[in-house]
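Protein chains: 2
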Amino acid sequence: MTKAIDFYFEFYSPYAYLASHRIDDIAEKHGCTVNWRPFMLGATFSITGHGPLTETPLMGEYSLLDMQRSARLFEIPFQMPEEFPKVSLSCARAFYALVDDQPEKAKALAKGIYHEIFGLGNDGTQPEVIARLAKQYGIDAEALLESIQTPEVKQRLKDETGNAIERGVFGAPFFFVDDQPFWGNDRLDQLGRWLETGGW
Amino acid sequence: MTKAIDFYFEFYSPYAYLASHRIDDIAEKHGCTVNWRPFMLGATFSITGHGPLTETPLMGEYSLLDMQRSARLFEIPFQMPEEFPKVSLSCARAFYALVDDQPEKAKALAKGIYHEIFGLGNDGTQPEVIARLAKQYGIDAEALLESIQTPEVKQRLKDETGNAIERGVFGAPFFFVDDQPFWGNDRLDQLGRWLETGGW
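In order, the protein sequence lines correspond to chains A and B.
If you're matching positions, the first sequence starts at 1 in the working numbering and goes up one per residue.
If you're matching positions, the second sequence starts at 1001 in the working numbering and goes up one per residue.
These aren't lab readings, by the way, just hints derived from the structure by calculation.
Check the hints yourself; a few may be wrong.
Here are some, though not all, of the chain B residues that point toward chain A, as calculated from beta-carbon distances under 8 angstroms [what the hints assert, rightly or not]: (1) Ile1047; (2) Thr1056; (3) Tyr1062; (4) Pro1181; (5) Trp1200.
Stretch by stretch, here's where chain B covers chain A in the computed footprint (C-beta under 8 angstroms, at least three residues) [claimed, not checked]: (6) 35 to 48; (7) 62 to 69; (8) 185 to 198.
Think of the CB as a built atom: it goes at the ideal place given N, C-alpha and C, for glycine as much as any other residue.
Using the sequences plus the hints, can you model the full thing?
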């Protein structure tokens, strides 16, 4: 059976964005698949007592430097959006509106939204941006914008976020493989080694 | 001129302990020296609003797993002490009582204390433990225990902690090379690459 990596990400997390550029290659190298699972990182803040890194005293300045330095190291285009962070409900709902029936298109849209936010520094939460990207990937944009307003899709994101927290997710990116949790873009090396060796 | 790495650490930080096993080798590989600088991590918590990882909801369980997994990966002996975290004033003061006149012995004592705390899981803050280790490294134990009670040494640790925070240190381990900040045991690879390439 093909092994699957669960990749939990928040659309407004710069480190999850960096990981989104790396996780599929790592999985492919080890013959694995990746389940992309956006969730609302903000929902964990009331539990951990933490907040957005960039707004945390002392950590804020460092994290901006570190994100940019890591992006240069991995040769990933990186541009902090002017408004940051933003609530990414529309992005995550759009993903879950698609993922059951069109998983590849859902993933393509997620990558497109990430590129919009951190590749170009634009506001990725706007319906017109999501609609434009949807069209680009052959997705029915009108139907998508309608479906992200439905109670079913709203509830789906709530459930996915609740399940993530239930599983121990408290940051982004967060990965599971063989039920082993790995937190952070900076644990992808260990995750790759885990897949290679079967664990240690 | 030989390049120096500033290594800020907290005696009760497991990740700083892991880094303490790696930093001298990395420095040596690149012809650098290391300035070991203990500080009181707790002093940053009132600024960042964070607290000890192991006491943070959701993060606590993960961090214990991650510390142990990282220790196994780097083949570093690791044992969480029963009482954790403890206030490490006596350890850090002992270091600063020695460092100006006997820098090598100060570093040896720091490594000895770290081994006591996280290698063996013992309480490294007790005067008798510090005294026993001091003797082992040829340090006058009685004079050391006296000097850590002096206003000068107490003030020195306050100043060092204040200077660290002034410089942007908010976690442990924390490194500077060429005034580039690197936070975390998991940034040592980037720090090594920075030394190798001169930066990117």
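Results for each hint:
Taking 8 angstroms as the C-beta cut-off, the interface hint given for isoleucine 1047 of chain B holds, the closest approach to chain A being about 5 angstroms. The beta carbon of threonine 1056 of chain B comes within 6 angstroms of a beta carbon in chain A, closer than 8 angstroms, and the hint placing it at the interface holds. At its closest, the beta carbon of tyrosine 1062 of chain B sits 6 angstroms from a beta carbon of chain A; the interface hint therefore holds under the 8 angstroms criterion. Restraint check, proline 1181 of chain B versus chain A: the minimum CB separation of about 6 angstroms is within 8 angstroms; hint holds.
Because the beta carbon of tryptophan 1200 of chain B sits about 5 angstroms from the nearest beta carbon in chain A, less than 8 angstroms, this interface hint is met. Counting residues of the segment 35 to 48 of chain A whose C-beta sits closer than 8 angstroms to any C-beta of chain B gives 3, which meets the bar of three, so the coverage hint holds. Coverage of a stretch by a chain is defined here by at least three residues with a beta carbon nearer than 8 angstroms to that chain's beta carbons; for the segment 62 to 69 of chain A and chain B the count is 4, and the condition holds. Under the rule that three or more residues need a Cβ within less than 8 angstroms of chain B, the assignment of the segment 185 to 198 of chain A holds, with 5 such residues.
When held up to the earlier numbered hints, the structure conflicts with none and fits them all.
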